[in-house]
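Throw the hints in and build the complete structure from the sequences for me.
Listed here are the chains, written in short residue letters.
2 protein chains.
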Amino acid sequence: MATTTRTAPSKGWRSTAELPLRPVTPYQARPDTVAGRIPLTLPRPSVPDPGFRPSAFAGEAVPFQVTAFREGHDLIGVHVRLFSPTGEESLHRLSPLHDGFDRWCVLVSPTAQGIWRFRFEAFGDDFATWAHAAELKIAAGVDVALMRESGALLFQRAAAEKTRPTAERRRLEAAAARLREATVTDDAALEIVRDGDLAAAFAARPLQSLVTIGATYELLVERERAGVGAWYEFFPRSEGATVQQDGTVRSGTFRTAAQRLPAVAAMGFDVLYLPPIHPIGERNRKGRNNTLETNPGDPGSPWAIGSSAGGHDTVHPDLGTLADFRDFVNAAADNGLEIALDLALQAAPDHPWVTEHPEWFTTLPDGTIAYAENPPKKYQDIYPVNFDNDPDGIRAEVLRIVRHWIAQGVKIFRVDNPHTKPLQFWEWLIATVTDENPDVIFLAEAFTRPAPMQRLAIAGFQQSYSYFTWRNTKAELEEFLGSVSDETADFMRPNLFVNTPDILTEYLQYGGRPAYRVRAAIAATAGASYGVYAGYELYENVARPGSEENIDNEKYEYKLRDWAGAQARGDSLAPFLTRLNEIRRAHPALRQLRNLRLHWSDDDAVLVYAKHLPAALSPDAVDDTIIVVANVDPHSARQTTVHLDTRQWGVRPGDSFEVVDLITGAEWTWADHNFVRLDAFHEPAHILHVKKEQR
Amino acid sequence: MATTTRTAPSKGWRSTAELPLRPVTPYQARPDTVAGRIPLTLPRPSVPDPGFRPSAFAGEAVPFQVTAFREGHDLIGVHVRLFSPTGEESLHRLSPLHDGFDRWCVLVSPTAQGIWRFRFEAFGDDFATWAHAAELKIAAGVDVALMRESGALLFQRAAAEKTRPTAERRRLEAAAARLREATVTDDAALEIVRDGDLAAAFAARPLQSLVTIGATYELLVERERAGVGAWYEFFPRSEGATVQQDGTVRSGTFRTAAQRLPAVAAMGFDVLYLPPIHPIGERNRKGRNNTLETNPGDPGSPWAIGSSAGGHDTVHPDLGTLADFRDFVNAAADNGLEIALDLALQAAPDHPWVTEHPEWFTTLPDGTIAYAENPPKKYQDIYPVNFDNDPDGIRAEVLRIVRHWIAQGVKIFRVDNPHTKPLQFWEWLIATVTDENPDVIFLAEAFTRPAPMQRLAIAGFQQSYSYFTWRNTKAELEEFLGSVSDETADFMRPNLFVNTPDILTEYLQYGGRPAYRVRAAIAATAGASYGVYAGYELYENVARPGSEENIDNEKYEYKLRDWAGAQARGDSLAPFLTRLNEIRRAHPALRQLRNLRLHWSDDDAVLVYAKHLPAALSPDAVDDTIIVVANVDPHSARQTTVHLDTRQWGVRPGDSFEVVDLITGAEWTWADHNFVRLDAFHEPAHILHVKKEQR
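If you read the sequences in order, they're chains A and B.
Position 605 of the first sequence, counting from 1, maps to 605 under this note's numbering, and the rest follow consecutively.
Position 518 of the second sequence, counting from 1, maps to 1213 under this note's numbering, and the rest follow consecutively.
These are calculated hints, taken from the structure and not from any lab test.
Honestly, I wouldn't trust all of these hints.
As a list, the in silico SDA-like pairs of lysine to any residue whose alpha-carbon atoms are at most 25 angstroms apart [as the list claims (entries may be wrong)]:
| id | chain 1 | residue 1 | chain 2 | residue 2 |
| --- | --- | --- | --- | --- |
| 1 | B | K1073 | A | K378 |
| 2 | B | K1072 | A | R194 |
| 3 | B | K1072 | A | K378 |
| 4 | B | K1073 | A | L136 |
| 5 | A | K378 | B | L885 |
| 6 | A | K378 | B | R875 |
| 7 | A | K377 | B | A834 |
Written out as structure tokens, the structure is:
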């Protein structure tokens, strides 16, 4: 019954059910009870840890939900009142989910960044209660006179509310008079009960009683890129690296790497993430394939940060100068790409910190500094930072470094292994940096157990790597996608990287090209953020034996790749990635995460999900619906029936609608049960757009 | 590694892992972060609604749980510090659950009633971290000198702690010296790492760093009967009722009903619940089988409260006087039975409230008072109370009534349909009454949706009816028992009534005697509280057609039952109920709810669960373990294999143990996989006691 209002984006929000603002008169408060007159509990968005805020990205379609109910049979209504960061107030009507758990929900999309406040309000919906009873009783001939008089009194009470438009008040007075008029038949009275205009007036301006106002909560809204983006990772030293006459490789530089930017941009990526760009330690440097012996020319791991050339605030001399880096950042921006820098808080043994600030490390009884270790293993190319010896000194130094790179134009940091540093350090750092610059984004490489992964997100990380790479079967993906799009979505935004320099899963090692194709399709459509590490498009799938990493890993050597040649031979996934990113840009439903809903197929390898964004919440004010059907068994063709709950996109069960496959261009008429055949070796996934014209 | 200490009950608690009290020095607090140095979150016991307390009953084995972890590989320890209602402080060591979610747990049983406070404390466990590394590295010959010196320093640091016993400090000094002594071989040093006495000393008094103290929470501990009891319900007017010459029935009285008390007590019940004992309305009184027409002599529904003879503070004249009621309460007490009274806040049309306080009801525009209704249906024998017209007046009146019955010796109230009254009213009433008398217990007849049912429990109801009657298949029961024994156990205590005057499920209607037998066995062993409404033991299973209630329902007439005759004919379940209650009294594990664990069988009708109570938490200081195996298909014999995780009661997988069937006396040697055959027509359930002597 709630009116659907499309809000002008200039307001700072979009809503599916905005109502006119009116003052409310709360029911008498009872200071001796915690429960309000109408109980309101389990609000969302929310976080499980007290003292922290839930978050959303600008433009995210956020379900505001609450549990509300009252005693007995009388009907209630529930509103959420939002206060934007600039103090603008708005009111939105929740609908019951009818899920048996008394949950109410409305979708609102905050578009203004900053800290929003919201509170739920529940009330006896006196018109709805009367209309429900009057409809049944007048039709049944029970208490007819009483129901007419009750209605007349109720309409008069509403007409007396000065906050209603004059025309509406006059209409309500007239309806009251007609209910009392003896010449008006009971059938005509029933028409008043069912009158659409009156119902709309009461939906927009309900006649309220027992108004109960819940607690006020906060929601942090961050910029869109905090939640939405296609990421690409490359090692700048590899881009433009050349083999010299003696067989050794000359490093690529920011200047040569910049020549690769147009190609990355042409594939449609939004963010380019660079592994650490700092000087690399020379002492105990790792050789190729993570060996302890180094050969001349081995560049070492970029994560072994620091040498006599400098530390975390310095650019590796092989890559160029700080000015070259700034030029690279600007060139990326010219190509529509944002740069994400790595923030790896650890030091090679020859990092300047080691001599200047030995107190930032752990000194052993024998006077040496402790290497990183997982007993009895030791990692002699890395000293971990000890955050407890001089916490204030380390805070100041890291803040200095982050500010330094922000000053060079960087606004995104990919944080290496944040779970190996104290949680409270990150909470402080992210709050301090985003207080100064709310556009800065931190991505947590939190490949760890669920509890620390989630706590890092709650403490402030805007994005997190996820378990996506290890979720490959239909059952695994259903559990994973259901969890990240709902259970943890109020505080954790997963970035669905398909691979990383550290992770080449067995699925990719043994799944062949179909595996690469279907994983990219799922990552790009299921994730609002997803990512690809360079080489994925060349199907690089050979692992170092016994490991889950690429052989001849780029972490320890230069990789010279023949992008153009592969593409010319038809051996590149780049065209497919390009198409996926085009689809993401054309379809706002895909640039959301919380709207993902799992649907069904009869095959244990055919995954089905859909994303819908209502016009009222869409930047271009048009409904957008995408259905993805993916065969996740890379070794077979599957044919099965797909079952859809089409009500998600407003189609009645049984009605048909037109879909177009955005990969192949094929068009079909679909309904709620549809035959599909997906041959992994041909095209493992359908990405279907539901056309608006419905038959 | 934690020491198991049995605490004298006089202390007010029992614990599986109590430690000596020592002062702690917290790590430097960071006022600018919410997260502590070692994150502590998701504490339990807890409730989902802020502002309310979790609860437990005196003697309940409560799992104190928290999520705790730290960065990197160093080990942590977690304690919970309890403060009893009288301010006694105690410290208990949590063990990791190793569940992948960083949960820690310790079982503590508070035995003193009142409001407890508790807080979790996490710390770097420096000895455990060192011992783990030293064990691996010394054995591997890595960093041996360093590990020995680190250990010596650590032992010296511990020895310097003045809170350790002198002998322990001396032992630590000696160990430090030996680690440094060149003549001590590395193998001998390894023995120091593995020394059990030293490990025990560090378990009792850990060497702590980074001590992080969590928030302080409250736990309300109520008397044991709030969570534990076998209930029996009868209508006093039926007990001793006699058929007169004219065929009408003369009502039973408190005096005649008192003659039934020894039989109820002999069956082993703890609580006798009486439907309302007040005068019954005469206007619009319901006739037999809920008809609108009354015949002379029809007694009416006791829930239609009030007549010219009085209201909620009055005894029905047919039952006797207030003095007779007091005598009945005393006679019950002499038989070891507590009386539970019904509290049904509604009025018959001739209740004195209607004339004295019409403002406590809803007056319609035609001047009449509104009947209870579910439009278009009306219930003309009942006026519902309107709690909003004069909330203070109604509060005062209900409090007066409750105090009145407390003054007659009643301490338990079974509240009729609390979900049809405002939640905040109950919150206020229960808090007010239990402030005056903490022993008063309210049972919610909250047959409603999960959200209001749980909110009533959170708001203060000590017990709640549950969905048990409608959970009959193995899958339904597993979901139900898993939920009530864990998810909601911090705030809701289900009373597993097998039937009520309102509920005769199809399972009982069509399941025959096996259904009655197996439902009683499950209720009595799975529920810490369970209940039986009189007539169950006579297998009364005929429903009024189209309803889920008994035909010729006792709500509307007298029931004259031939208890002795049925028992003599072998047609009574009373001997079985008696045996079940004997078993409950003999086995403290069954007088707990949170210790229920589901186990497995290969048959979809054979339900398996076990309850274990460790000696340290048992009132008689002996381990107690019960395994229940039930065939819930009342129409078949089933044979299958039962799979047990025997670690729950301290038996290693694969080891065998002796069990005795407490119903049949049969004895078997069992292990983790066992054949069972359960014939519903013979004996549908095993109730097995694990004998302490293990082979």
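Checked hints:
{"no.": "1", "hint": "B/K1073 / A/K378", "in the structure": "79 angstroms, violated"}
{"no.": "2", "hint": "B/K1072 / A/R194", "in the structure": "21 angstroms, holds"}
{"no.": "3", "hint": "B/K1072 / A/K378", "in the structure": "78 angstroms, violated"}
{"no.": "4", "hint": "B/K1073 / A/L136", "in the structure": "12 angstroms, holds"}
{"no.": "5", "hint": "A/K378 / B/L885", "in the structure": "20 angstroms, holds"}
{"no.": "6", "hint": "A/K378 / B/R875", "in the structure": "24 angstroms, holds"}
{"no.": "7", "hint": "A/K377 / B/A834", "in the structure": "13 angstroms, holds"}
In summary, the numbered hints that this structure violates are 1 and 3.
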